[in-house]
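Colleague: Below are the chains, spelled out letter by letter.
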Amino acid sequence: MIFTLFGVCIILGGCIEPFSPEIPPSDSLLVVDATLTNELKNHEVFLSRSTQGDNEPKVESNAAVRIVDDNQQQYPFTETDAGTYVSDVMFGAQPNQSYRLLITTADGREYASSPTELPPLTAEITDVYAERTTTDSGLDGMGIFVNSFDPTGNSIYYKYEYEATYKIIAPKWSSSQLVANSDESQTVRVVGRDPDNEERTCYATEKSNTFSLTNTSRVGEDRVSDFNVRFINRDNYIISHRYSLLVKQFVLSRQAFEFYETLQDFSGVESLFSDSQPGFIVGNIFPEDNGEDQVVGIFEVSSVSEKRVFFNYSDFFPGEDLPPFVDDCGQVTFPSGFSPILHDLVKTNRVSYSDEIRNELGALEAYIVVPRVCGDCTVLGSNVIPDFWEE
Amino acid sequence: MRFFFFSIWLFLSFQWSVAQTDTTQINLVFTNATRLEVLEKIEEISGYHFYFVEQWLGNDLISGTYQNSSLNTVLQDVFKETIINFFILDNRTIILTRNTIIRDELHPSFYETTTSIPEDTTEITETPSYFYLEEKQDTRPDIETVRIGRERKNIGRRTYTLSGHVKDKTTGKPIQNLAIVVKGGSKGVSTDANGFYEIVLPTGVNILQTKGIGIETLEKRVIMYNNGQLDFNPGESAEQLDEVVVESNRLRNVEKVVTGVVEIDIAEIKTIPLVLGERDILKTAITLPGITNAGEGAAGYNVRGGGTDQNLILLDNAVLYNPAHFFGIFSALNPFTTGAITIYKGSIPAEYGGRLSSVFDITTKDANTQKFSGEASLGPVTSNLVLEVPLVKDKSGIMVGGRTTYSNWILRSLDDESLKNSQASFYDVVAKYNDRINERNNISATAYFSRDAFSITSDSIFSYSNRLLSLKWNHQINEKNSANVSLSNSEYGFGIDFEANSNRDFDLGYRINETELKLNMLKLLGKSHKINYGLSSKLYLVDPGDIEPVGSQSIIEPLSLQREKGLESALFISDNFTVSPKLSFDIGLRYSFYAALGASSQKIYEAGLPKSEGTLVEIREFGNNEIIETYGGPEARISGRYFLTPDFSIKASYNNTLQYIHTLSSNTTVSPTDTWKLSDINIEPQRANQVSLGLFKNFDDNRYELSLESYYKRSKNILDYKVGAQLLLNESIETEVLQGEGKAYGVEFLLKKKEGRLNGWLGYTYSRSFIRLDSEFPEERINNGEYFPANFDKPHDISLVTNYKLTKRFSFSANFVYQTGRPVTFPIGSYFLDGAEYALFSERNKFRIPDFYRLDLSFNVEGNHKIKKFAHSFWNISVYNVLGRNNPFSVFFVTEDGSLQAFKSSIFAIPVPTITYNFKF
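Note that the protein sequences, when read in sequence, are chains A and B. Using the numbering used here, the first residue of the first sequence is number 1, and each one after it goes up by one. Using the numbering used here, the first residue of the second sequence is number 1, and each one after it goes up by one.
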């Protein structure tokens, strides 16, 4: 009841203050982030350790990771990056099979998940669409909504994640660029850009680091309608041109759903009623020897359905100004001759050429430069057009 | 001191007035002068000063002429034919006394057969002064003297009969079984059912004293000349209560058979320092050992390691579900209408049941049936007014009280936009009607309503209310039997209105209603048995929650959880059995029975597996009033007391209790969104067993009370919650709750000084309370299935409450409280999952918030003690939390910008001064 407390405190003269509780050091716990889906691919498992204070997250390396199905078929994993384990073969979870995740850490502790079955494969995203909306709190922007339906009515528990890809156009791009002359001269010169190295239009891709949950247990049929998976404020430059969102729908087991629900409650998204009991969220991975060391996380086996949507800013905000760019692209003028500062900026690739100033006689007097990001989109994204991209 | 001095010089005056010699010679002439004028003249010429009461002198005119006469001669003449005696103390002082001298004629009123004439109105009959001298130690001038009958000469009777009625001063009810004793003698009688008494007294001066439980002790000096009548009207007098020593109560501490009882009289707590100007009986209760709350501003009480839902709080027999205003900063009881509170924390009398830990039995004062009176207070946050109106004199009266805040007004006058639109207000009203129909029948009715409304956010209004009605009929069947029938109804509900003009506007509500009919019989069997028996039945109706969309564009789906219905009945009998003067028992047995009733759809889960949607087997339908499930059991309430010495006793008790209703609250404190849930097919009643042992000793003529009590308690089916449990509007609450075992024990020490300039108490409690939630399934196991400290486990608790009287009008008070911080679940680290950071929480209740301590001071000023004045006033100036200690109320964690931040909140982090004005008329 933070809100209510706050109310009282305000009335009686503010009394909420930050503090640092003294917490004795404790053993860090193994954190498992493992999702097995029905997709045929190399699945990944991420192992790390919980941390205290402001310490950087620690990865858990040199563990032996494998998934075993109930026919004793083993799928071993190999550590590719520190803490990232990838299955040696491509495989997908099959219906009516149960799977266990087995982990042996470098220090020899053995952990196993409880047997977990693939939830029904019968739910499918019927539609993903984008719409200009206003949020409850009055923000104008783009909402991405999803519709899904399971005619068998068995899916019920849904988790959504997304992958956003958007086009970036450098606002001050020029066909010319500056290159630094020798250090002795401390001057720069203008050259044409390399036509093979696209720096005007790029594409950036971001994976969601949050998830949304919904369930259809209180709804008559197993149908997710107009569920808002993402909202982008109209001030966000990422929707300036063309934007694409790949919505991934995971049908979860009830246990996994409850796990994520609790996790979400604790993540600081306060609601008037989420006055929930804090504590350790029990997942489905336990030490093999029934020891007392707890494992954070859950071995999730889920069935995936995904769909992509594209939209253009101009279709929803016709005639309106573009959202502000990440940088306000202020122009700076440097003399065209000896200029150690400009030389250094160009050499370290921190500015982009924008324009130049010539006198009445046409002689070059100065260069006008902008921050690099304004003329070179590769700062923000990749200049390779993604395979799935549709204009 | 004054009394003592007075009696000495009375004694001296008698001796010396005979043998006075004075050599002062004066010349004096006066004609048709009053004696007062004469004395003034003498003072003028002789330099002597007279000490006397003007009324004694009368208005008779006298004349005289003296030449070189001694002062003695002059005065003898002046006071000739009066009852005045004079005494020349030294060469400056002459003291007049009034005694001896018997007149021939009698005042006409003395011829009436019954008289009771106070001294003020008489100037006729005087008795020989040796009466006074014989009773020297009692010749206190403040004792009213009453002369009974007319003295007839030559009648040689040695004894006369005095009779009369004793009635309560305020209510006018006859007082039964009140002892009227002759002080210093062995003679005494007691009043009958009509308050009538008759006593034979010797001629002359007798000091009569009334003595009764809970009744003011009155003393009258009665001078018997003949048979006559004298009525007593003892009662409560607010101005005197602090001073009154109710003799028969003095040994209560050691005498009472039942253990673990706390009694507080509202008048006792008048001088305790206040916060925001409210005198609060429940706040005082938590300064006593064994009763605590979660902290400042926390509603709900924890009694002997029990949860906040385990207390039966009764206001005139009706259950008060939420006894708090404003999150517990104020209690919902009007201090002016509240009479007394008795808290049973150890052995609960058999007539009460339905809660595991305690009974708070709060009674409202009876309305004054004698005269119109009232009481009012003005505080910084609240104002309170109570009026008492007699309807039929000495028979019936009505009392109406109301209390409200002006915080809404304060909020509205603030500059801050968000505060301006918020609100926080409460009020409560109470009305009581009492009627003494006749000698054998009394009825009373109480109605109570309280409501709180406040904003949580600028768009939402949270409100809750209590409504109570109770009717009581008291019937005296005969000398040995009486019956008490009560009917009560109470309703508690809360609501949230969320109106942000968005598509999520809603209106949410919760309500519980209960109606109880109770018959309580009292039978006196011989001298040693007092039997109490009866039955009660209570019907619960719970609407566990409904939500409705507000406005046409709201997308909130309406939802209404099915109504719960239950019937809780009980039969009880108890015997207060006096085995010998030293040994007494109170043996009670209660059989309670609960039936969960339809209409309802009950979810049946696979036996032996955790209840979850996955293990749901079927949904069973029950028709209206069909019995879904029954629970019940015998409850023993046994306690005994043995006197080791007359002021030292040992007591022991065993107590078991059953509770069929539970609060759902994941909060440590009572939060306004807590709901009450009835036992049903999936949730079993809570059960507890308690044993306790206590030693009670009074010292120094009962001025000090000392008690040491210990208890050990085990409970079963205590409700707790799974991690992340969501309790509101949950249709399958049984999948979120866990029922575990509880264990609590403690030692309570209390030293009380009840009288004297310095009075108050010191309490210390060491107590522990643990819960265990174990299961073969990991999701139902908390802290590996081991005992862990309950949310309210606070091992050390010290309270010091003191009051020091400077004079009769001025006093100082101080409170000091120290408590161990309560347990909390802290985040002990963090982890990353899927790219986001989350808090890693410790085992449940592994850490504690910092310790709590607080000092409060107050200064009290009573209005002057003039008898003739409009109102009696009382000022209280308090400073709450003088040390400015920032006592954390709660600790919470918010993920801000991807990282975790800890916050602590406190309610009163600074000293809070308050001034309150009360007056009574």
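Hints in this document: simulated from the structure, not taken from any laboratory. The structure displayed is predicted, hence computed values, not measured ones. Heads up, a few of these hints could be off.
[Said to hold, decoys possible] From the derived model, a few chain A residues whose C-beta atoms are all more than 10 Å from chain B:
| no. | residue |
| --- | --- |
| 1 | Pro18 |
| 2 | Arg49 |
| 3 | Thr126 |
| 4 | Asp136 |
| 5 | Ala180 |
| 6 | Glu258 |
| 7 | Thr262 |
| 8 | Phe325 |
[Unchecked claim] Footprint (simulated), chain B over chain A, 3 or more residues, beta carbon under 8 Å:
| no. | segment |
| --- | --- |
| 9 | 209-216 |
| 10 | 277-286 |
| 11 | 291-297 |
| 12 | 348-355 |
[Unchecked claim] Far from chain A, some chain B residues (derived; all Cβ distances over 12 Å):
| no. | residue |
| --- | --- |
| 13 | Phe30 |
| 14 | Phe87 |
| 15 | Phe196 |
| 16 | Thr217 |
| 17 | Val392 |
| 18 | Thr404 |
| 19 | Ser710 |
| 20 | Lys722 |
| 21 | Ile782 |
| 22 | Tyr804 |
| 23 | Thr820 |
| 24 | Thr825 |
| 25 | Pro827 |
Heads up, the beta-carbon is just placed ideally off N, CA and C, and yes, glycines get one too.
Colleague: State for each hint whether it applies.
Modeller: Results of checking the hints against the structure:
no.: 1; hint: Pro18; result: violated (5 Å)
no.: 2; hint: Arg49; result: violated (8 Å)
no.: 3; hint: Thr126; result: holds (20 Å)
no.: 4; hint: Asp136; result: violated (4 Å)
no.: 5; hint: Ala180; result: holds (38 Å)
no.: 6; hint: Glu258; result: violated (7 Å)
no.: 7; hint: Thr262; result: violated (3 Å)
no.: 8; hint: Phe325; result: holds (23 Å)
no.: 9; hint: 209-216; result: holds (count 3)
no.: 10; hint: 277-286; result: holds (count 7)
no.: 11; hint: 291-297; result: holds (count 3)
no.: 12; hint: 348-355; result: violated (count 0)
no.: 13; hint: Phe30; result: holds (73 Å)
no.: 14; hint: Phe87; result: holds (65 Å)
no.: 15; hint: Phe196; result: holds (56 Å)
no.: 16; hint: Thr217; result: holds (44 Å)
no.: 17; hint: Val392; result: holds (46 Å)
no.: 18; hint: Thr404; result: holds (16 Å)
no.: 19; hint: Ser710; result: holds (32 Å)
no.: 20; hint: Lys722; result: violated (7 Å)
no.: 21; hint: Ile782; result: violated (7 Å)
no.: 22; hint: Tyr804; result: holds (30 Å)
no.: 23; hint: Thr820; result: holds (16 Å)
no.: 24; hint: Thr825; result: violated (5 Å)
no.: 25; hint: Pro827; result: violated (8 Å)
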